[in-house]
Amino acid sequence: MNRTLLRADAATLAGILIAGALAACSPAASNGGGADDPIDWKITDSTAVPSGDIDSFTFASYAEPYSLDYAYAFDYADNSVLANICESLLRLNPDFSLSPGLAESFAHPTPETWVYTIRQGVTFHDGTPLTPADVVASMRRHLDPEVGSFWFSVYQNVASIEQTGDDQVTVTMTGPDSQFNLGMGGSAGVIESAATLTEEGADYGNSAGGVNCTGPFSFTKWESGESITLTRYDDYWDDDLRAHSGEVKFVFMNDATARINALKSGSVDGSWMLPMESVSALTASDKGDMLFGLNTAVGSLVVSNLDGPLGDLRVRKALMLAMDRDGILQAAYRGVGEPSDVLTTESVWQEASDAARTTAFDDVTHYEQNLDEAKKLVADAGAEGAELTYVTAPISNDFSVISQATAAAAQSIGLKVTVETVTPNAYTALFSDPSAREGVDLFYTSWYLSSPDPLEMYSVLRTGDFSNYGDWSDPEFDALVNEAVTIDDPAARSELTAKAQQIANEELPWLPLYQAPISLYLGERITGVQPSVAFLYYPWAATIGAR
Amino acid sequence: MSAARRVAGKLGGLLLTLFLASLLVFFSRFLVPGDPVSFLLRGRKPSPESVAAITAQYGLELPPWEQYLRWILGVLRGDFGRSLQYRQDVSEVIGDRLPVTLTLVVMAGLIIAVAGVAFGAIAALNRGKVIDRIVLIGLTVLGAIPSFVGGIVLIALFSVGLGWFPSFGSGDGFGDMIHHLTLPSIALALVFIVLVGKVTRSAMVDQLGREHVEVSTSRGVARQAVVRRHVLRNALGPILTVSGVLVAGLIVASSIVEAAFGLSGIGSLLVQSVDRLDFPVVQAIVLLVVFAFVVMNAVVDILEPWIDPRSAAGAGAR
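Protein sequences appear in the order of chains L and A. So in my numbering, the last one in the first sequence is 547, and the numbering has no gaps at all. So in my numbering, the last one in the second sequence is 318, and the numbering has no gaps at all.
Please note that the accuracy of each hint is not assured.
[To be verified] If the Cβ cut is set under 7 Å, some of the chain L residues that face chain A in the computed set are:
(1) 66
(2) 146
(3) 148
(4) 198
(5) 226
(6) 258
Please keep in mind that the hints were generated in silico from the structure rather than gathered at the bench. Beta carbons are placed, not taken as given, at the ideal position from N, Cα and C, and that holds for glycine.
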């Protein structure tokens, strides 16, 4: 459910983003305005409706998907392509709300059961109709140890998945779990043809096997290492999301400079997630629009060792107070973004009560930079001269800016930080392998949420959770989160989550730094898309047509 | 020694080299830190059953020697295992990317052969003159340009500046592919042209001073014919030997060029597979490169006596 920016696919990113970082220092990147000038930005909800259809358009992705198998679709590169081919039981919209998808409705008759009514008249790209048997087969794959689904955590409380009627599938949980249904708008809720799953077996979703789903585009061709081509599916069930383009081609450009050049020259029509260093060059070319959209990610420092100096809350607070977060935003993102004192963005609190929002965002500690207070806290804790190990990887400009800023902040309050640079893959291992975290006090992550509920964030900080990297433990926090998970009413649930957010803000198991919008470049030929991190699950390419 | 025995001996040496290489390639992976299973299950909170099942799927729970046996027996049947990163047969993963690299290597090889021999010959025939100096200095400068720098310069000049060639991708169809791969193959060839050029020059200079060349010249044989029949032909031996070494070097060096031009070939695949601990792919590519290297050397050894009968007759003969 929770995924980290640049985590799963750190390796692929390395090439491009290093190049991006290099470009930041080259004169080429600074044409059309000072290289360090802040970027004037605002959130855009939607772009102009297309004036008509187009034959095809090309989008550049910073990396190639490893697989189009929904069970392994766990990163920007995989999901941004798959979202246009495969659909889920629920649909996660660009405003981060959930609406019916392949399930035309769902019911929650008992706290332990979720009943999905499967939409009629939907066909897979091979023309066969969608049936509850397909839904059961697709969902059960997440429970199959042989598959090793990346989305198993969504299904961890599932006892059984059964067809219970002609158009009905019932999921029974081992206990009340409000989060399961919220996850059905993402990859965990994707439905594939059962026949295709059997037929392709182990080759399902790779460049040879491909996929056969129900989305507005069908999978046509995957040229390994170069591109994936999708074709409009003419029998698509939802008229509102019928594709405006006959074809869409995703090209993989690991090199950031190459990607920017291709966008500037118009040989590629658009791209998500651009390095901020290149924004001035792109806007100067005046060939298209640089847009910023809704995001759910918060950039944070994970405290991965509470047995060391950071085990003392005063030291964690001191480090937080010493950080120059505006400076970090300026250096890493040209000022695109805002400092954050909490681990979630307001975009995932839409269903929350007003009181909960106030608790979660106003009644929390705001860590304005204050070196005197920070030094005093370090002195109180007797931690002067304490040594910390910070692990980073040469992945992108923000990684280096944040590691340097953290080291500088720590030094300014009398702590010593050793920055260890490891390979992108070794950095990735920090998130899955406890032995990789031994002797590591801090590392950076940009953690985004895939469901419209802040509880997704706080459930991973419970005692003993896989992603509670520092083994932080707070009984009151655990009780709040465990209770919230069982509450169905989003408003009532949010009030408990808000209290959990307050505790995390006070106790700092992770140090929140900032939130930044998702970036999108649209060339002069195309329009229609709504910039939002929901591009990971929403069929955004279908909305793109001629300007 | 008969030709058949010599060829058989070469083949035996080839197989032994490949076997030793396979051992080295396979067991070196156990020296690399990191767990492939954590890459295969990089979602959040995998179930313990899943960890066990995936470990067994890839045979990672077996003792190393048994893993080697399974792997090498598979390789002998043409089965290189499954790629961890793409969850696909290694032969497919490599097969998809091989055409690009092979075309690139062949194109670069042609450029190297033609340009290298031409420059070397020009320098040798003008030994000591200004042209010789210019060629030698020119080659030394070329040789000092790393291929990624060469690639960037070529892109800036011919793609972005003049717009003659595309700057990324490998194109669709044969003609388009040649068009796309022109700049990358030049970038790849640069360093190697120097090597072949210098070897050609010294081999030809050596031959030019030989008695038979002087005799031919004094007997009034045309200069062109002397160079062709006596100088260049006799100089082919060393040139061929260097070329054999080049092929493997080209495959490895292609990784840098492929990255610069956004090509999806064996070289860039090797680099990314190493970082992602995708051992089956790394093993297959390294074995492939060793195979290409060994085979090219064997071919050169076998061909040499036909080109230059002296080498078959033994070192003492003149």
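**Q.** Hint check against the structure, violated hint numbers in rising order
**A.** 4
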